[in-house]
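In order, the protein sequences belong to chains A and B. Read in order, the letters of the first sequence correspond to residues 4 to 155 in the numbering used here. Read in order, the letters of the second sequence correspond to residues 4 to 155 in the numbering used here.
Keep in mind the hints are simulated off the structure, nothing from the lab. Take the hints with a grain of salt, since some may be wrong.
[As the list claims (entries may be wrong)] Non-contacting residues of chain A with respect to chain B, defined by C-beta distances greater than 12 Å in every case (computed):
id, residue
1, A53
2, H81
3, E135
[Unchecked claim] DSSO-like cross-link-like pairs, simulated, lysine-lysine; straight-line CA separation at most 27 Å:
id, chain 1, residue 1, chain 2, residue 2
4, B, K19, A, K138
5, A, K30, B, K19
6, B, K57, A, K138
Note that the coordinates shown come from a computational prediction; the quantities given were computed from them, not determined experimentally. Ideal placement from N, C-alpha and C gives every residue a C-beta, glycine not left out.
2 protein chains.
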Amino acid sequence: MPGIPESIFDSRDQRKAVEEGLGFAPKFGADRLIPVVVTDHQSGHLLMQAFMNKEALLKTIELGEAVFFSRSRNELWHKGATSGHTQKVIEMRTDCDQDCIWLRVEQSGAACHVGYTSCFYRSYPVGEAWTEDAKLVMEEDEKVFDPNEVYG
Amino acid sequence: MPGIPESIFDSRDQRKAVEEGLGFAPKFGADRLIPVVVTDHQSGHLLMQAFMNKEALLKTIELGEAVFFSRSRNELWHKGATSGHTQKVIEMRTDCDQDCIWLRVEQSGAACHVGYTSCFYRSYPVGEAWTEDAKLVMEEDEKVFDPNEVYG
Numbered sequence: 004m005p006g007i008p009e010s011i012f013d014s015r016d017q018r019k020a021v022e023e024g025l026g027f028a029p030k031f032g033a034d035r036l037i038p039v040v041v042t043d044h045q046s047g048h049l050l051m052q053a054f055m056n057k058e059a060l061l062k063t064i065e066l067g068e069a070v071f072f073s074r075s076r077n078e079l080w081h082k083g084a085t086s087g088h089t090q091k092v093i094e095m096r097t098d099c100d101q102d103c104i105w106l107r108v109e110q111s112g113a114a115c116h117v118g119y120t121s122c123f124y125r126s127y128p129v130g131e132a133w134t135e136d137a138k139l140v141m142e143e144d145e146k147v148f149d150p151n152e153v154y155g
Numbered sequence: 004m005p006g007i008p009e010s011i012f013d014s015r016d017q018r019k020a021v022e023e024g025l026g027f028a029p030k031f032g033a034d035r036l037i038p039v040v041v042t043d044h045q046s047g048h049l050l051m052q053a054f055m056n057k058e059a060l061l062k063t064i065e066l067g068e069a070v071f072f073s074r075s076r077n078e079l080w081h082k083g084a085t086s087g088h089t090q091k092v093i094e095m096r097t098d099c100d101q102d103c104i105w106l107r108v109e110q111s112g113a114a115c116h117v118g119y120t121s122c123f124y125r126s127y128p129v130g131e132a133w134t135e136d137a138k139l140v141m142e143e144d145e146k147v148f149d150p151n152e153v154y155g
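Extracted from the complex, chain A is given alone in its bound form:
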């Protein structure tokens, strides 16, 4: 969509309107991206975090499926196009400043390319000053799929 006008969404001029109004005025950063949080609509579990550009956001709205912008591949990324692990958007929300998007989705397969349901399968201890001895802790038992089979 090279022809998307800059002003397609609502104005961000009035802070009060952005925070408490009903006009959709998403804020894209200097990199033209907005962060996106994706949770499972039933369990509420955090599945992944990614980014959208304006085109990805408009595609997501139109399709009702999650479309992101891949920073590593520098292209639109229809989640699940390769793996089949699409995300049906049950609800989309934005936050007070409208500088973040939240997708509550129905996840096919698994969200993470490593094979786990969620990308967030490791924790890190808090409550004491950082030390190089501290390690991540695995919080998931089993992968849902074998990445070698899915991605070849």
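Assemble the complex: chain A is given as a structure, and chain B must be docked to it using the hints.
Here is chain B on its own, set in the frame of chain A:
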């Protein structure tokens, strides 16, 4: 902490180690920030999304309370320092690429400066092509606090 060495965390040289190992190797962007997702540890509800720089991450680890980096104020932001609405970190996780932090917190008061429990109090309809007629929909009934009283 002006003396924090660049290499304080684990190496990100080996993708396999970053994704499946137990070394903590968070990735900070070109802006030296990493996105952070904050959910309520009991309800699982998404409360807010913010960013940390290296110092904020180390402070969060040490204190066991959420410390972010405020992009608008360009300074460390100990959440709740003004409002009293601190976030006790019950669990911290990172994702496959280690380019995002997830905090599961016990929230005092409310997460959002507008007065709602969560910053994500408005939804936006999906499933049809974008139109300027579509509006955000309020999903929360009442504010938890009056911002004028808390922030003066």
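Checked hints:
1. A53: 9 Å, violated
2. H81: Holds, since 14 Å exceeds 12 Å.
3. E135: 8 Å, violated
4. K19/B with K138/A: Between K19/B and K138/A the Cα gap is close to 16 Å, so the pair holds against 27 Å.
5. K30/A with K19/B: It is violated: about 34 Å lies between the C-alpha atoms, which goes past 27 Å.
6. K57/B with K138/A: The given pair, whose Cα atoms are some 17 Å apart, holds under the 27 Å limit.
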